[in-house]
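All chains should be built: construct the whole structure from the sequences, respecting the hints.
Given next are the chains, with one letter for each unit.
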Amino acid sequence: MNASGIPLKEPSVSAAAADAEQVERALIDASTRVPVLMFYASAMAWLIIGTLLAGFVSFKLHTPDLFSDISFLTWGRVRPAHMNVMVYGWASMAGIGTAIWLMARLCRTVLRYPLLLVAGAGFWNLGVLLGVGGILLGDSTGYQWLEFPHYAAIILFVAYTLIASWAVLMFRFRRGEQIYITQWYLLGAFLWFPWLYAAGQLMLFVVPVQGVLQSAVGWWYANNLLFLWFGAIGLGTAYYMIPKVIGRPVYSYHLATIGFWTYALFSSWTGMQRLVDGPFPAWMVTASIAATILTIIPVATVGLNHHMTMQGYFPLLRYSPTLRFTVFGAISYTVFSVVGVLISLRSVARYVNFTQASIAYSHLGLYAFFTMVIFGSMYYIVPRLVGREWRYASLIKLHFWASVYGIGLMTLMLLAGGFLQGENMENPSLAFSETTETVLPYLRGRSLAGILLTASHFIFAYHFGLMLFGLGRTSTVPTFLNPVEAEGPETHL
Amino acid sequence: MNEETAKSASPIGQGMDYGEQADVQQVHAAVQREKREPRVGAEPLSIWLIAVYGLAVFFGGAYLGRYSGNFSGDALDPYGGEPQAMKKAAGPQGEQQQAELSPRDRGKKIFAANCQTCHQANGLGVAGQYPPLAGSEFTTGGSRRPAMIVLKGLQGPVTVKGQKFGTAVMQPWDKTLTDQKIADVLTYERSEWGNSASPVTAEQVAALRKELANHPESFGEHDILAVPDEDLPGGAPAGAAPPKPGEAAKPGESPKPQG
Chain A
58 MNASGIPLKE
68 PSVSAAAADA
78 EQVERALIDA
88 STRVPVLMFY
98 ASAMAWLIIG
108 TLLAGFVSFK
118 LHTPDLFSDI
128 SFLTWGRVRP
138 AHMNVMVYGW
148 ASMAGIGTAI
158 WLMARLCRTV
168 LRYPLLLVAG
178 AGFWNLGVLL
188 GVGGILLGDS
198 TGYQWLEFPH
208 YAAIILFVAY
218 TLIASWAVLM
228 FRFRRGEQIY
238 ITQWYLLGAF
248 LWFPWLYAAG
258 QLMLFVVPVQ
268 GVLQSAVGWW
278 YANNLLFLWF
288 GAIGLGTAYY
298 MIPKVIGRPV
308 YSYHLATIGF
318 WTYALFSSWT
328 GMQRLVDGPF
338 PAWMVTASIA
348 ATILTIIPVA
358 TVGLNHHMTM
368 QGYFPLLRYS
378 PTLRFTVFGA
388 ISYTVFSVVG
398 VLISLRSVAR
408 YVNFTQASIA
418 YSHLGLYAFF
428 TMVIFGSMYY
438 IVPRLVGREW
448 RYASLIKLHF
458 WASVYGIGLM
468 TLMLLAGGFL
478 QGENMENPSL
488 AFSETTETVL
498 PYLRGRSLAG
508 ILLTASHFIF
518 AYHFGLMLFG
528 LGRTSTVPTF
538 LNPVEAEGPE
548 THL
Chain B
965 MNEETAKSAS
975 PIGQGMDYGE
985 QADVQQVHAA
995 VQREKREPRV
1005 GAEPLSIWLI
1015 AVYGLAVFFG
1025 GAYLGRYSGN
1035 FSGDALDPYG
1045 GEPQAMKKAA
1055 GPQGEQQQAE
1065 LSPRDRGKKI
1075 FAANCQTCHQ
1085 ANGLGVAGQY
1095 PPLAGSEFTT
1105 GGSRRPAMIV
1115 LKGLQGPVTV
1125 KGQKFGTAVM
1135 QPWDKTLTDQ
1145 KIADVLTYER
1155 SEWGNSASPV
1165 TAEQVAALRK
1175 ELANHPESFG
1185 EHDILAVPDE
1195 DLPGGAPAGA
1205 APPKPGEAAK
1215 PGESPKPQG
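Respectively, the protein sequence lines represent chains A and B.
Residue numbers for the first sequence, in this note's numbering: 58 to 550.
Residue numbers for the second sequence, in this note's numbering: 965 to 1223.
Do not take every clue at face value.
Anything over 10 Å on all C-beta distances counts as not near chain A; from chain B, calculated [to be verified]: (1) Ser1010; (2) Gly1126; (3) Lys1145.
Okay, the calculated bits of chain A under chain B, using three or more residues with CB under 8 Å as the criterion [claimed, not checked]: (4) 300–311; (5) 330–338; (6) 378–392.
Keep in mind the hints are simulated off the structure, nothing from the lab.
Virtual Cβ for every residue (Gly too), placed ideally from N, Cα, C.
As structure tokens, then:
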């Protein structure tokens, strides 16, 4: 027993079985090393690029003259470049990296067809590179999160097909009778992404729908990429990491089933709630709002399942970096969803639609939830791939707190600024320029948050670089955030 | 529940030939210390959670019904109902919608936009400053006098309903309002607030406008009193009642006399 009173040692598994399992895991980890690290390293590079672009975008909102005479550094190009680097470069690549490792572990088989993944990573990087270059040179298509020009979109799709076929093949070769919850979500994500991406591309560019329907398709795509692609990978990862680190079964299979299927059912109806008061038949927008309200069901279910799994183990957040990041992300998922329901209701959307508040919403989903969960998984997976432990507990702590304060401040600033902006825009006696000026202090606050996040990302990138070049600690003890008393190396974190 | 899987893990399948690799036993410490792959418990559903589901379904369904706009493809308004009426009103041509407003209704809008500031929505004006229109002998008499006043404005002292006014100046409207608009607003003024004088047509105003073309400045009270208190030529017979509110009449067409 350690100070927290939680049994840190697994009681019931016989020594021989445990040994066999360990060897199996070690082999699986070794087989995933190259592809996963390739995805992670690319993702980290894109994260740094995206962060720099983000800082630039944020400063341009309150200091518009910044480099305004250089065409590829204008607002209309840098902002989509930032979003697409973060969505496809960072979040998708890091998410796929984690998903590959989880698939291999949970299918309990060494990674097969690694060439598919290596080629996929190469094509994906090429696609993002060409796409971002195209956007900066003025080739953007103008639809949110689909700004990549066609030539880049096709390459991205090819890369995706390679990765998804790998996932299906791996699933085909799985061992063991049970299919764990995480696999549902990952397989779902791998099948939903092509549906979303192909539908978006087809309906907007190949056989474009008419008129205002294009923005309906655009928002459906953007919102569902958040829910069905990032959301599914993020939830799947949390479903693995939380029980894995604390060594306790997930609370309830029934809750997991309900949470998964209602999530799949209701999420795909959302998106149009971002268009309240737009020129759309009322039922389209209302159907999306009603579906958003119904997403409370999976959110409450999954939230309760994670909470009950964690119950009694919360003191472990003091030690495990993985657990701390993952639990923060899982809590943010609930916050993100509740905020999503609130700002979609017509009475609220009237004020916050088309204001900074929707930026806050996207960041809650993509950063506070998804990115934090992925950070957590990287803290768990990378040591197993490079055979070294994270070098500095202090850097992990700094990374965590800079991220938490950064994203917290950013969300608060953008939400408050968004509400104020929306209220002022409803006021007919205020000129439009005045309504934007009232938001300026909040935008400056957001830039401050951006500086915190930039610091956090540079710290993490440095730490990750150390690990990649074999400069981590050689130790049998994982890097805890705070020293663990008594138990020593047998604490299974 | 995972005891079976733990046992079946011992004979590891093809591709898992760890016997060949000596270094495999030097598994990384992270793998050695880590806990088993996650399992799933089977706790039952809480009754409270089912209540939350019920609430969400109820609220979502109620919201859908309330703001569905009757699930009509043309209904932009979430409350439904109104868009059907608007659809009829809009019709194939926008001009028809204009036509369905009676001259009196159009006049009411013009009055609200131009006249109401001084003469007030109730037509009573402001004592000592702006003369009333309700029951005024100028407004309710022949249409010539009020038309002159609206076209060219009025300044200097004036007595209306026995009360003296004259501190304020009424501006001329001939540059601002078209014949049609002046006719409409006169029709409105002469039939509102208990007034019941004959309507005025655009042709009548146009004729008067020509007549007054050489009169550059505003009228005074004596100019108005100098002309006979008569209707402008070309309108409905004197004393005819205005059309009832809501009765449609096409612009430019003489309203039918009643009774």
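Taking the earlier hints as the rules, which of them does this structure contradict? The structure conflicts with hints 1 and 6, although it agrees with all the remaining ones.
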